[in-house]
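A.B. asks: Throw the hints in and build the complete structure from the sequences for me.
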Amino acid sequence: MELSKRINLEGTINTRDLGGYEGFEGKHIVFNRLIRTDSLSQLTKNDINFLVDNYNPKWDIDLRSEDEIKRDTDVVIPGCEFIRLSLHNNNQKQMVDHHTQYHLSDGRLDGLIDFIYFMSDDGDVDKAMQKSNHAYFTNKEAIESQKKFLELCRDNKEGSLLFHCKDGKDRTGFMAALILEVLGVKREDIMKDYLMTNIYTKAKADERREFLEKNNFSNKNLLEGLVAITGVRECWLKSALDTIDEVYGGIIGYCKQILSTTEEDIKIIRENYLR
38 MELSKRINLE
48 GTINTRDLGG
58 YEGFEGKHIV
68 FNRLIRTDSL
78 SQLTKNDINF
88 LVDNYNPKWD
98 IDLRSEDEIK
108 RDTDVVIPGC
118 EFIRLSLHNN
128 NQKQMVDHHT
138 QYHLSDGRLD
148 GLIDFIYFMS
158 DDGDVDKAMQ
168 KSNHAYFTNK
178 EAIESQKKFL
188 ELCRDNKEGS
198 LLFHCKDGKD
208 RTGFMAALIL
218 EVLGVKREDI
228 MKDYLMTNIY
238 TKAKADERRE
248 FLEKNNFSNK
258 NLLEGLVAIT
268 GVRECWLKSA
278 LDTIDEVYGG
288 IIGYCKQILS
298 TTEEDIKIIR
308 ENYLR
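Just so we're aligned, residue 38 is where the sequence shown starts under this note's numbering, counting upward by one.
No wet-lab data here; the hints were simulated from the structure.
For each residue, glycine too, the CB sits at the ideal point set by N, CA and C.
Incorrect hints may have been included.
As the list claims (entries may be wrong) - Cβ pair distances, simulated, as ranges:
(1) Gly148 / Lys194: 38 to 48 Å
(2) Lys275 / Val89: 34 to 44 Å
(3) His140 / Gly116: 36 to 46 Å
(4) Leu141 / Gly63: 45 to 55 Å
(5) Asp282 / Phe248: 36 to 46 Å
(6) Lys168 / His140: 20 to 30 Å
(7) Glu181 / Glu47: 28 to 38 Å
(8) Asp279 / Glu244: 26 to 36 Å
(9) Gly196 / Lys168: 33 to 43 Å
(10) Gly116 / Ile305: 17 to 27 Å
(11) Gly144 / Ile305: 44 to 54 Å
(12) Asn45 / Phe248: 21 to 31 Å
(13) Gly290 / Glu188: 12 to 22 Å
C.D. replies: This is the structure we're talking about:
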């Protein structure tokens with residue numbers, strides 16, 4: 038099994054080509070067609086030229102919320118259409134902060150701490166992220182975004198399709214799992230691809246741990262959660278996929294029942310990306 042290939046760009050840390058995975062009927066995903074990444078807001082001129090010359094990107098699919106996009110807008114790639122397909126409903130706006138005792142003087146992690154406690158009353162990051170992942174297949178806007186995403190995968194006959202969120206790990210990880218399952222990739226390989234994020238975010242995790250310890254952060258469980266959330270844990274995605282399996286009989290059943298994906302759609306998607 039060949040893991041997804043990292044694309045080394047100056048302005049991203051987690052850009053990968055999903056080509057190479059074995060899928061339906063033993064065929065493999067074609068390289069240079071499906072690209073998962075983190076935010077494209079820091080792309081350099083060298084990055085843009087490299088992507089255009091080597092990947093011919095047709096769509097930049099941004100899974101972030103409208104507010105996130107306004108704060109950190111993607112760099113324009115010539116010939117590449119920007120499409121917002123949010124998997125996030127801006128729940129942070131509804132947060133009521135009861136945990137200022139864990140806020141830091143510079144405020145840099147306050148929003149993340151509030152998010153964890155908003156999603157999990159006891160500050161358990163695993164509970165918070167599992168709940169967040171479950172929202173991807175229960176939130177109306179997220180469901181519509183997934184439906185449109187598969188339609189774009191169906192209609193994409195040439196060039197590459199880029200999809201991303203902020204860090205290219207949670208929302209992007211779920212969307213990658215969705216398309217990989219449709220293409221018939223084994224669940225084991227999908228999880229390995231999901232966990233590859235931790236390789237590329239390790240420096241960020243180490244930096245955050247050093248920062249929190251230097252500031253004498255008192256809540257050790259929350260400290261470990263704040264470090265973990267720079268990457269991903271298997272249980273976050275597994276919880277969502279297990280529930281989809283239980284309720285819909287698997288991703289394909291979910292696509293047909295909830296996303297209105299037809300057998301013909303699936304056939305065309307596989308023809309587009311498998312050889």
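A.B. asks: If a hint holds in the structure, say so; if it does not, say that too.
C.D. replies: Structure-based check of each hint:
Distance hint for Gly148 and Lys194: a CB-CB separation of about 41 Å, consistent with the stated range 38 to 48 Å. Between Lys275 and Val89 the Cβ separation comes to about 37 Å, which falls inside the hinted range of 34 to 44 Å. Here the CB-CB span from His140 to Gly116 is close to 44 Å, well matched to the stated 36 to 46 Å. Checked against the hint of 45 to 55 Å, the pair Leu141 and Gly63 passes, with Cβ atoms roughly 52 Å apart.
The hinted range of 36 to 46 Å is satisfied by Asp282 and Phe248, whose Cβ atoms lie roughly 38 Å apart. Hint check: Lys168 to His140, Cβ distance near 22 Å, so the stated range 20 to 30 Å holds. For Glu181 and Glu47, the hinted distance range of 28 to 38 Å is satisfied, since their beta carbons lie about 34 Å from each other. Checked against the hint of 26 to 36 Å, the C-beta distance between Asp279 and Glu244 comes to roughly 32 Å, which is consistent with it.
Between Gly196 and Lys168 the beta carbon distance is about 36 Å. The supplied range of 33 to 43 Å therefore holds. Between Gly116 and Ile305 the beta carbon distance is about 23 Å. The supplied range of 17 to 27 Å therefore holds. Range check, Gly144 to Ile305: about 48 Å between beta-carbon atoms, so the 44 to 54 Å window is met. A hinted range of 21 to 31 Å for the beta carbons of Asn45 and Phe248 is consistent with their spacing of about 26 Å.
Remark: the range hint 12 to 22 Å for Gly290 to Glu188 is upheld by a beta-carbon distance near 18 Å.
Of the numbered hints stated above, none is contradicted by the structure.
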